[in-house]
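Enquirer: Sequence:
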Amino acid sequence: MTAEMVRNILAVHERSLQMTEIKHGNQKFYVGESEDQPQAEITFILTSDSSITINHTFVSDELREQGLGEQLVNKVAEHARTENKTIIPECLFAKNVLESNNDYQDVL
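Here full-length UniProt numbering is used: position 102 in the sequence shown is 102, and no number is missing along the way.
Source of the hints: derived by calculation from the structure; they are not laboratory data. Accuracy of the hints is not assured; some may be wrong.
The list that follows gives simulated cross-link-like pairs (lysine to aspartate or glutamate, EDC-like), each with its CA atoms no further than 16 Å apart [said to hold, decoys possible]:
1. Lys28 <-> Glu83
2. Lys85 <-> Glu33
3. Lys75 <-> Asp103
4. Lys85 <-> Asp106
5. Lys75 <-> Asp106
6. Lys28 <-> Glu78
7. Lys95 <-> Glu70
8. Lys23 <-> Glu4
9. Lys28 <-> Glu62
10. Lys23 <-> Glu33
11. Lys75 <-> Glu21
12. Lys23 <-> Glu78
13. Lys23 <-> Glu70
14. Lys28 <-> Asp106
15. Lys23 <-> Asp36
16. Lys95 <-> Asp106
Derived Cβ-Cβ restraints for the label pairs, each shown as a range [said to hold, decoys possible]:
17. Ser51 <-> Asn26: 28 to 38 Å
18. Glu4 <-> Leu108: 19 to 29 Å
19. Thr2 <-> Gln27: 16 to 26 Å
20. Ser60 <-> Thr2: 28 to 38 Å
21. Ser100 <-> Gln37: 47 to 57 Å
22. Glu83 <-> Glu4: 18 to 28 Å
23. Glu62 <-> Asp103: 43 to 53 Å
24. Ser60 <-> Asn26: 11 to 21 Å
25. Gly67 <-> Leu108: 34 to 44 Å
Computed from a prediction, not measured in an experiment: that's the story for all the values here. Backbone N, C-alpha and C fix where the C-beta goes; we use that ideal spot for every residue, glycine too.
The whole structure should be built from the sequences, with the hints applied where relevant.
Expert: Given below as structure tokens:
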């Protein structure tokens, strides 16, 4: 394997890592270059001073089956803990993830 091939492989890997970086947007966490056209996202509404309602989760076909949806739910859970809020999961995917894992009971 040549040095150029190694550089190309590392560059692709680095782009892949950057692409799956979860960013905090306006009442959402998302993956992608643009908050307006994310490749994956979880959106929430500040329902009250003490709660966050998760209302939508999306992961594009090319990023599915990598656990990204669960990572997005975890980001909202971390955010809720930091803000001392509970989560109301209206999104069925988020509800399933949160209710099936005892680690999230403190935010429900």
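Enquirer: Hints first: check each against the structure and report whether it holds.
Expert: Cross-check of the supplied hints:
no. : hint                         : in the structure
1   : Lys28 <-> Glu83              : 14 Å, holds
2   : Lys85 <-> Glu33              : 28 Å, violated
3   : Lys75 <-> Asp103             : 13 Å, holds
4   : Lys85 <-> Asp106             : 10 Å, holds
5   : Lys75 <-> Asp106             : 14 Å, holds
6   : Lys28 <-> Glu78              : 13 Å, holds
7   : Lys95 <-> Glu70              : 11 Å, holds
8   : Lys23 <-> Glu4               : 31 Å, violated
9   : Lys28 <-> Glu62              : 20 Å, violated
10  : Lys23 <-> Glu33              : 9 Å, holds
11  : Lys75 <-> Glu21              : 11 Å, holds
12  : Lys23 <-> Glu78              : 13 Å, holds
13  : Lys23 <-> Glu70              : 15 Å, holds
14  : Lys28 <-> Asp106             : 21 Å, violated
15  : Lys23 <-> Asp36              : 12 Å, holds
16  : Lys95 <-> Asp106             : 14 Å, holds
17  : Ser51 <-> Asn26: 28 to 38 Å  : 18 Å, violated
18  : Glu4 <-> Leu108: 19 to 29 Å  : 51 Å, violated
19  : Thr2 <-> Gln27: 16 to 26 Å   : 47 Å, violated
20  : Ser60 <-> Thr2: 28 to 38 Å   : 33 Å, holds
21  : Ser100 <-> Gln37: 47 to 57 Å : 30 Å, violated
22  : Glu83 <-> Glu4: 18 to 28 Å   : 47 Å, violated
23  : Glu62 <-> Asp103: 43 to 53 Å : 28 Å, violated
24  : Ser60 <-> Asn26: 11 to 21 Å  : 20 Å, holds
25  : Gly67 <-> Leu108: 34 to 44 Å : 21 Å, violated
The structure fails to meet hints 2, 8, 9, 14, 17, 18, 19, 21, 22, 23, 25 from the earlier list, while all remaining hints are met.
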